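Now for the letters of each chain:
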Amino acid sequence: MSESTTPAGLLIDRVSKDLAGRTIVDDMQLEVRAGELTCLLGPSGCGKTTTLRMVGGFLQPDAGAILIDGVDVSRLAPEKRPTAMVFQNYALWPHMSVFKNVSFGLRLRRLPRREIRDRVEQVLELVGLTHHMNSFPAQISGGEQQRVALARALVLEPKVLLLDEPLSNLDAKLRVRVREDIREIQQRVGITTVFVTHDQDEALSISDRIAVMSGGRVEQYADPTTLYREPATHFVASFVGAMNFYTGTVADGAVEIAGGVRVPCEGARRNGGAPVEIGVRPEDVMVSTAGDGAEAHVLREIPRGHYKELVMQLGEAEVRAFVGPEVSTSERQRVRFARAVVYAEGVLRPSTEPAPLR
Amino acid sequence: MVLPPVAVVAVFIGFPVGAAIAYTLGKTGGPNSTIALIAQRQHVAKHGVTFAAYREVLGNAHVRGDLWATVWVTLLTIAAVVVLSWAIGLYVRLSDTWIARTVSALSVIPLFIPVVIASYAILTFYAAQGFIKTLAYHVGWHSFPTLGYTMWAVVIGEVWVNVPFGVLMMSSGLNSVPNALIEAARDSGASLPQTIRAVLLPMNVIPTVIVATFTGIYVLGSFTVPYLTGPSAPNLMGVSMSQFFQSFNQPQQAEVMAMIVFVLAAGLGTIYVWANMRAAKRASQTS
Ligand SMILES: Nc1ncnc2c1ncn2[C@@H]1O[C@H](COP(=O)(O)OP(=O)(O)OP(=O)(O)O)[C@@H](O)[C@H]1O
Ligand SMILES: [Mg+2]
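Protein chains in written order, with numbering that gives the first Met the number 0: chain A, 0 to 357; chain B, 0 to 286.
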């Protein structure tokens with residue numbers, strides 16, 4: 000995958016892990032380039048935390064190796080690894096002030112006092128918390144605790160930063176702000192980062208690349224745009240973003256779904272004619288009151304603020320469409336698909352569009 | 000609503016304590032008149048109070064020996080119980096093996112064995128013909144000391160009785176420290192001993208103080224263990240107190256000794272209250 004000869008910032012090389020007799024991480028392969036932010040995205044229980052803990056050294060892989068800058072660290076204890084973890088509940092030590100929390104690792108390294116002070120101040124400035132230096136964790140807000148945890152991880156200048164759902168305890172608004180802060184800081188510092196989340200929105204908005212995991216395996220590893228536009232498997236397509244799914248056949252310029260409904264679809268090219276899974280993003284569903292589209296009945300209209308979601312009956316199936324709030328909707332609509340992805344046996348079939356495929 | 004409990008405390012604790020204090024100060028009338036009728040070597044205050052009973056008791060070299068024995072047995076037991084319960088608590092907290100679980104289960108067993116039985120068991124175990132001595136003899140250690148009827152047997156007994164509570168207390172304290180706090184320390188580069196020192200120790204000051212003070216108060220007031228396993232003299236204050244009361248028929252002197260023990264226990268109680276207040280203060284300023 001890497002074109003250059005410089006080693007990856009982090010390489011998870013065919014790692015497996017069994018816990019309590021179950022395979023939790025299954026022959027996982029993942030390469031994170033130096034300075035890159037990779038999200039591990041997947042449903043609960045798919046092995047994200049387990050993977051991260053193996054990178055951090057809290058778990059030993061049963062098979063495979065973990066390499067940082069080309070050096071195998073698989074056998075090193077957590078305190079010997081050039082990694083730093085930000086825990087889900089921040090894990091700040093309640094009996095230590097912010098300064099003490101952040102400086103802990105530096106004090107262990109017996110650095111001169113002056114240097115400790117400087118580095119702590121620097122990193123607290125980076126996360127915007129110099130004024131809370133002498134506060135205790137319980138005296139500051141969740142978002143601030145989060146940034147202290149980040150500062151504590153960054154102050155040691157690790158080679159790899161690991162974050163396990165660092166935002167899940169914050170409210171929705173703060174979550175968006177702090178994730179942008181994290182991304183900004185990560186880019187400024189240029190640190191190789193693995194960010195675990197089960198929130199696709201979070202993953203799509205801050206990652207260089209996203210590894211979608213399912214059942215201990217990586218289903219797809221791609222940049223956010225590719226992942227969204229060309230989900231490699233049915234699982235990825237249904238997990239990332241909303242998607243209408245139909246079983247049907249593909250003809251030239253149209254798809255035919257259950258009940259013999261024929262929906263015009265741009266770029267569709269006949270391919271064998273065997274039944275396949277057809278996925279259409281709601282924003283790729285075009286509605287109009289006239290034209291050659293398939294006929295649909297509006298069942299519900301859900302205002303979403305800056306857009307509207309329409310739920311329509313399309314033959315025997317339902318279709319969801321995102322349309323602008325200005326689109327006037329009558330009960331009868333004509334539906335076309337601007338774009339569809341096709342899966343044969345759960346795997347993307349590169350046939351519906353002439354766009355470059357992997 | 001608070002009146003009934005206050006009344007109960009006043010009648011059943013406050014009043015007898017008040018009467019006892021008055022008696023030690025030479026007030027032999029009123030509620031103390033019955034005991035004053037049969038007591039020997041009584042110091043009576045004609046006007047006001049007299050400290051003659053205190054002077055007599057503290058002037059008695061045997062009692063001073065008992066007091067000294069009580070202090071060092073208490074301190075030694077506290078130290079041993081704190082160290083043992085920390086060691087067992089830490090071991091169970093940090094290693095999740097069946098051995099660890101067995102150790103923690105075994106360590107609370109003394110809780111379910113009556114102290115009398117345990118004391119006799121300890122006695123026979125360490126006696127001149129006991130198991131330990133026999134074992135030592137067989138491996139060629141003929142000079143192995145006999146611990147039965149010495150203060151060492153008392154210390155062993157007190158530790159045996161107090162370790163279960165200590166382990167329960169320390170385990171629950173240590174278990175309330177989330178794993179992530181320990182892992183975060185390791186992640187920052189701390190070795191296991193450094194993690195214990197920087198995270199587990201400061202986060203378990205209160206359970207430690209509770210174990211230390213409760214153990215101390217228990218030992219100060221204990222009777223069965225020192226009576227059954229200890230030497231005739233000097234022995235713990237609890238034992239000599241009962242001798243003065245029953246054998247010598249000197250209730251005033253016995254009550255003076257009780258007051259002295261009470262002052263020692265109150266000292267430990269103060270430490271406990273102080274530690275709790277400090278924790279409460281910290282909790283209120285950090286939340
Ligand atoms: N120590 C353990 N012993 C046994 N099973 C475990 C252990 N740790 C995790 N598991 C199991 O491994 C699976 C994956 O756990 P993991 O924590 O990696 O999931 P995750 O992807 O992080 O999920 P979430 O999004 O809920 O945090 C779960 O089914 C979990 O029950
Ligand atoms: Mg997890």
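Incorrect hints may appear among the rest.
[Claimed, not checked] Stretch by stretch, here's where chain B covers chain A in the computed footprint (C-beta under 8 Å, at least three residues): (1) 82-88; (2) 92-100; (3) 104-111.
[Claimed, not checked] Straight-line alpha carbon distances no greater than 35 Å define the calculated DSBU-like cross-link-like pairs of lysine-lysine that follow: (4) Lys307/A x Lys172/A; (5) Lys99/A x Lys132/B; (6) Lys172/A x Lys45/B.
To be clear, the hints were calculated from the coordinates, so they are not data collected in a lab.
Please read these numbers as outputs of a predicted model, since none were measured by experiment.
We put the CB at the ideal spot given by N, CA and C, even for glycine.
Going down the list of hints, with the structure as the test:
1. 82-88: holds (count 6)
2. 92-100: holds (count 3)
3. 104-111: Three-residue rule met by the region 104-111 of chain A, so holds; n is 3.
4. Lys307/A x Lys172/A: holds (22 Å)
5. Lys99/A x Lys132/B: Measuring from Cα to Cα gives roughly 53 Å; hence the hint is violated.
6. Lys172/A x Lys45/B: Roughly 81 Å separates the two Cα atoms, so the pair is violated.
Violated hints for the displayed structure, listed by number in ascending order: 5, 6.
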